[in-house]
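**Q** Each chain, letter by letter, is given below.
2 protein chains.
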Amino acid sequence: MALPKQSEDFPAWYQEVVRGADLAENSLARGTMVIKPYGFAIWEGIQRAIDDRIKATGHQNLYFPLFIPASLLEKEAEHVEGFAPEVAVVTHAGGEKLEEPLVIRPTSETIIWDAYARWVQSWRDLPLLYNQWCNVVRWEMRPRLFLRTTEFLWQEGHTAHETEGEALAEARRILFEVYRDAVERVLAIPVRVGRKSPSQRFPGAVETYCMEALMRDRKALQAGTSHYLGQNFAKAYGVRYLDRAGHLQYAYATSWGVSARLVGGLIMAHGDDRGLRLPPALAPYQAVIVPIYQSEDQRSRVTEACAKLVADLTHAGPDGLRVKVDDRQEHRPGYKFNEWEIRGVPIRIEVGPRDLDAEQVTVVRRDSGTREGRPISGLGETVARLLSGIQETLLAQAETFLEEHTFHPTSYAEMRAVLTDPGGFAITAWCGRQECEDRVKADTKATIRYLPMEPAPPNAPCIVCGMPAVDEAAWAQAY
Amino acid sequence: MALPKQSEDFPAWYQEVVRGADLAENSLARGTMVIKPYGFAIWEGIQRAIDDRIKATGHQNLYFPLFIPASLLEKEAEHVEGFAPEVAVVTHAGGEKLEEPLVIRPTSETIIWDAYARWVQSWRDLPLLYNQWCNVVRWEMRPRLFLRTTEFLWQEGHTAHETEGEALAEARRILFEVYRDAVERVLAIPVRVGRKSPSQRFPGAVETYCMEALMRDRKALQAGTSHYLGQNFAKAYGVRYLDRAGHLQYAYATSWGVSARLVGGLIMAHGDDRGLRLPPALAPYQAVIVPIYQSEDQRSRVTEACAKLVADLTHAGPDGLRVKVDDRQEHRPGYKFNEWEIRGVPIRIEVGPRDLDAEQVTVVRRDSGTREGRPISGLGETVARLLSGIQETLLAQAETFLEEHTFHPTSYAEMRAVLTDPGGFAITAWCGRQECEDRVKADTKATIRYLPMEPAPPNAPCIVCGMPAVDEAAWAQAY
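Respectively, the protein sequence lines represent chains L and W. If you read the first sequence in this note's numbering, its first letter stands for residue 614, the second for the next number, and so on. If you read the second sequence in this note's numbering, its first letter stands for residue 614, the second for the next number, and so on.
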């Protein structure tokens, strides 16, 4: 199967990789998707990486319901304004019309803070450091597999704190430590972190922190967000506690989430014209063994050798490797090579009679295409070492790509040019006014992706309007 | 907090244990619940036990959408008849009325078999061995925390096979090996397995296999089911494949599930008048250390000793132990003892100055209440050994209880008596007619829980009507 070239039609390439690698497909209800086993195994790997880190920083998982009474959603004004247009509503159940419609959660701040009002009485009850893995529903007008679907899988953390300082530290720790570490080390995707501009903030947030990654088409992808919500939800839902001095105070809130959209990011950050390139830390199969034979005699000899290799590889490295023998007889080796390339398996091991005569196998790296004979003896450790190298290479390549597509234009004309072609991030001084954001969007389709955490003092005027700058901003076209 | 006695008011006892152990609470929408962190950690343990076994038997996880177009549900006649009265329906989304209402999945056979029609062409595509973890919604008239909720968490496996024999073997393997092994070894709950009578079968199934456990109030709890669906769904959704001889055939189906109801089963199978008794394999904390001191001097000495014990216990046994120090200063030791008893922590370790003088600690088993001094040296291994013993004891006690409440009445009068008081399972010959099932239910509230897999040849007449028996049946009152 030949894929469209990334350089010619990136959206078509994406769609064909999702299909060809058997990751997902559209389902019947508008904007919904089936995540197929190979795609789901990648998501399970991402979940494990995030969940381990969430727990290691003292958070616990719990589960809140899918259904939110419509009246509850309406208590936080900005929040309902942001989400009301996107919600799906249950009006009938058990054969009857409901007295009050139920909204399917688009996110769970409202139902969770309603419960926190019962759970929090004293400063001793704080902090609450909770997270849930669940499905949420937001009606999407332009759905796209993994990136924007009506129903999507995610985790959402919701914490309550005594002080503003503690809540701010929490919101930042999650983004800068938990999420960033998982995405860079496990997904091998370098991210830029910062704050959102007011127009891009989560509805109801005081500050939204975000991480942004750069895809191979030089568009940015928001890979995760963490919100400092101040006392907005505490006030809307009446979450007060007796502080250490015996006074009633409203609690401070954060919420934060990453979703299965990260699978889309993984595809677009590392994929090439031959298909997916999976980081070994997440690959459902880290190595695939393809037996090669012409006769029955060769077949039994090669099959036996493959079985021994699986035993060796399954126990190699600190945790063993995930290995598969592709012994399908209805397909020729070339077909299998192609398929496992599209599916992004980091290492392919070809085992034929001539290899065995030389007491070696042929090892092909998916990242570089390098093809080399390697001795059978000690192959497990060889492959474990190669996999570490591939993980590092993918991250390093993505870092280089990100660097090469980060621009510091000095005029608006130059900014417009780089944002359109080649694309990437343009970092400039900005006056802080939405007018200028709107103008850039109209001219280039780019938006402010993040405001750096420690901006260089903006000694230049706003790149758009020339007025005094108050911030730095990183602009890009985005998913 | 004093709990109601099990013997006096079992439902009140259950409700208070769920509350006192901080497992769950009702949420706002009718019949929905919040699973709180301690309850969710138990469910995560159950999930891990089931998921590991599902994967070890060659199944893969995937994810199908929450929404099923209403028309799709209607294609399998018995299935829609069974579920239509219970579904919740989305009629509006994105601010508009939907052209076709969307049903929230009550179970996913329909949407999955619709996809299988695209995925299956040839015998080479079979079997499909897939599973998903998700939420489903069934409108419940009499909701009860964990046991019957409008939304509930579960896994549902859906497999497709070439032959009837293979599908039957799959349905049985899941129940008799995967589920039973997890429930007996990890939850320490012994189960009886068998077939459901036709009236209790899953809507659309040819045969339903089930496992039934006995709760402390001598009512049965259905702990998991596995269905052989024949070709019903393949025919309804057009899932045909070219067989090895080149003929088009309908595929054979199974589906199977267990849910977070198992947490309710865990509470009611092992709990006593002091609260939960958790099997160590699932306990979020396997041991809790309670420091005891009167003065500041004592406090620092005891605190230091506790820290050392945690380090020792965290690394004890093959995988380390899950340990918590309860160092809350606002509560006295007695309060803590009571709380951790309600919460069912298998082992409590009391550490006071006198203990330390004797180079020992006081170890209290939750299962038996045994209280003994144990040397600090080697405490990790001591506790690991005790935990194994507690796991075995809980299973053995539940097995004894199950045996003691399994009756073989020889007359209908005797059957009525044992089913009502003390309650438990009555195993009898049965004519196979629903009339007799209905009569028993009217007289005793009991239903047929299972038909044993290898029934003794029924050489007795039906215990209800005296007509020739065709089967054995196990009757009980049930949740």
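Hints are computed from structural coordinates only; laboratory data are not their basis. Be aware that a few hints might be false.
Identical copies go unnamed one by one, so any copy, or any two together, can satisfy a pair.
Capping the alpha-carbon separation at 16 Å, the derived lysine to aspartate or glutamate pairs in EDC-like fashion look like this [unchecked claim]:
#, residue 1, residue 2
1, 710, 699
2, 618, 777
3, 848, 1067
4, 832, 820
5, 710, 1084
6, 710, 753
7, 832, 753
8, 937, 1048
9, 921, 1005
10, 618, 940
11, 949, 972
12, 848, 777
**Q** Checked against the structure, which of the hints given earlier come out wrong?
**A** 2, 3, 4, 5, 7, 8, 9, 10 and 11
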